[in-house]
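Participant: Using the sequences and the hints, build the whole thing.
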Amino acid sequence: MRKKGRKKSGEEIEEGRLHPEIIHDEIDLNCTQDALKSRKFSGRLPVPPFRPLLENLDPPMFRGERTKLCMNRGRGWGGGAMREAWDDESQVHSANVLFTGVTRRLLGFFRRSIQKQIEYRCLRDGKCLVIRLNRNRCQYCRFKKCLAVGMSRDSVRYGRVPKRSRERGEGSDVRVTTSDSSSDQSCDIDNKHLAIYDVILTVSQAYQSNCDYTEEQTKTLTRKPLVSHPSPVCSSPEVASSTADSNSKQRIWLWQQFATHMTPSVQRVVEFAKRVPGFCDLSQDDQLILIKVGFFELWLGHVSRLTSECSLTFSDGTYVTRQQMELMYDSEFVYSIFHFANSFNALALNDTELGLFSAVVLLTSDRPGVTDLKAIKQHQDRLLDALKLQVGRNHANEPQVLSNVLLKLPELRNLGAKHSAHLDWFRLNWDKLRLPPLFAEIFDIPKCEEDLQ
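Reminder that position 247 of the sequence shown reads as 247 in UniProt numbering, one-by-one numbering, no gaps.
Everything labelled a hint here was simulated from the structure, so no lab data went into it.
Treat the hints loosely; a few may be bogus.
[As the list claims (entries may be wrong)] 27 Å max Cα-Cα, derived DSSO-like pairs, lysine-lysine: (1) K192 - K274; (2) K127 - K219; (3) K418 - K447; (4) K274 - K408; (5) K377 - K388.
[Unchecked claim] Across the chosen pairs, the derived CB separations fall in these ranges: (6) D366 - N429: 28 to 38 Å; (7) L123 - W425: 38 to 48 Å; (8) Q284 - L133: 45 to 55 Å; (9) K432 - K127: 42 to 52 Å; (10) Y120 - K447: 44 to 54 Å; (11) N414 - R124: 32 to 42 Å; (12) N414 - K377: 16 to 26 Å; (13) V270 - R111: 44 to 54 Å; (14) K388 - K127: 14 to 24 Å.
Cβ coordinates follow ideal geometry from the N, Cα and C atoms, glycine included.
Facilitator: As structure tokens, this is what we get:
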């Protein structure tokens with residue numbers, strides 16, 4: 001007689017004294033095992049009352065600590081019979097893996113992906129939730145999760161070796177040595193790829209959470225024009241002679257409106273930068289310099305999605321015309337801005353790719369004033385590897401996309417330098433402007449006499 005197999009009352013469950021998983025373990029597993037031993041069952045195994053809950057349990061990924069998954073080794077309703085063990089000393093994936101049920105399908109998918117060298121793509125920037133019920137929807141995220149939870153390419157590829165092949169392998173020490181060497185190299189490559197995937201995931205989430213120009217947000221944006229400053233009516237020669245003064249006032253007014261609509265992006269860029277891998281490891285002085293010098297370049301890369309041939313749209317939907325911008329800057333610089341924005345937008349980068357591009361722009365090591373150039377360069381190299389991997393996978397049939405993306409880096413750098421030069425007039429005439437404090441701070445425009453000292 002089973003002591004643990006008694007039926008639990010509904011009151012006990014409602015009071016929270018028993019957890020559904022405990023009920024599952026006590027009733028169904030024991031009941032199934034007893035039934036198999038006695039063979040006194042009708043050929044139909046008892047169905048656990050909480051099976052949907054257990055089927056949707058998902059292994060952890062990217063938790064930053066050693067994953068320990070020990071699942072039931074039996075063939076009952078105790079979940080997939082896969083056991084992954086990690087050696088706490090060497091952190092080496094153990095070969096003690098048992099494959100039954102769902103795990104056989106998972107292994108088959110992983111083996112096919114490696115042997116056929118299949119390149120998957122994700123339509124949702126690598127953020128799909130991979131569970132049992134929808135695992136076939138996105139093969140890219142499914143394969144990435146296999147690597148994330150510790151699956152080894154070599155153990156899968158050579159997990160089942162035919163007897164003849166095994167006998168031939170035992171007769172050649174050189175072959176075994178070569179195999180071990182290639183196995184170590186492959187393991188190193190796996191670890192490197194896993195680290196790059198981690199960077200891609202982190203930057204993608206940072207961009208999605210802290211950018212107003214994502215694909216989803218730009219689709220539902222309602223555009224509205226920037227109201228022009230009222231110009232005086234030229235009813236006399238005296239008024240007509242003041243046209244130059246009127247244009248100057250118009251320029252100042254446009255700059256104030258431009259700064260007001262750009263300022264919300266400053267805080268967004270700061271929050272994005274704080275989540276870029278490696279940025280917070282730098283000194284506060286270097287962080288401040290990288291944000292100040294690189295802000296306009298990052299913002300221009302983001303706003304390119306909402307730039308047409310004749311207008312530039314802010315994150316709130318307000319757009320400024322090309323003619324208005326030519327009044328603020330000179331026509332040559334405005335042409336350069338629109339040329340970059342339209343050509344960059346033509347590359348059709350998704351959110352993850354644009355986030356990685358922004359992170360590379362942010363961590364530029366040769367900004368004037370930074371001190372730890374070596375650390376910044378190392379962090380940027382990691383981000384460049386992630387950008388190349390992501391763009392290469394998503395545009396495998398368009399190899400020119402990656403080269404065009406990389407060519408945009410010096411072009412954007414040149415635009416940032418020209419923009420800083422255009423702000424020199426405002427730094428000298430700061431008393432004529434009413435700029436948002438955050439905008440003035442990011443571009444080093446004085447706000448009071450004390451800022452000049």
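Participant: For each hint, tell me whether it holds in the structure or not.
Facilitator: Structure-based check of all given hints:
1. With a C-alpha separation of about 23 Å, the suggested pairing of K192 with K274 holds against the 27 Å cut-off.
2. For the hint pairing K127 with K219, the CA-to-CA distance comes to about 19 Å; that is within 27 Å, so the pair holds.
3. Restraint check for K418 and K447: satisfied, since their Cα atoms lie roughly 22 Å apart, inside the 27 Å limit.
4. A threshold of 27 Å between alpha carbons decides the hint, and for K274 with K408 the separation of about 24 Å falls inside it, so the pair holds.
5. In summary, the hint linking K377 to K388 is supported, as the alpha carbons are separated by about 16 Å, within the 27 Å threshold.
6. A beta carbon spacing of about 30 Å between D366 and N429 agrees with the range 28 to 38 Å that was offered as a hint.
7. At about 46 Å, the CB distance of L123 to W425 agrees with the hint of 38 to 48 Å.
8. For the pair Q284 and L133, the beta carbons lie near 47 Å from each other, so the given range of 45 to 55 Å is met.
9. K432 and K127 have their C-beta atoms about 47 Å apart, which keeps the hinted 42 to 52 Å range intact.
10. For Y120 and K447, the Cβ-Cβ distance of about 52 Å falls inside the hinted range of 44 to 54 Å, so the restraint holds.
11. Checked against the hint of 32 to 42 Å, the C-beta distance between N414 and R124 comes to roughly 34 Å, which is consistent with it.
12. For N414 and K377, the Cβ-Cβ distance of about 20 Å falls inside the hinted range of 16 to 26 Å, so the restraint holds.
13. Our hint of 44 to 54 Å for V270 and R111 holds, since their Cβ atoms are close to 45 Å apart.
14. Restraint check, K388 to K127: a C-beta distance of roughly 20 Å satisfies the suggested window 14 to 24 Å.
Hint violations for this structure: none, all hints satisfied.
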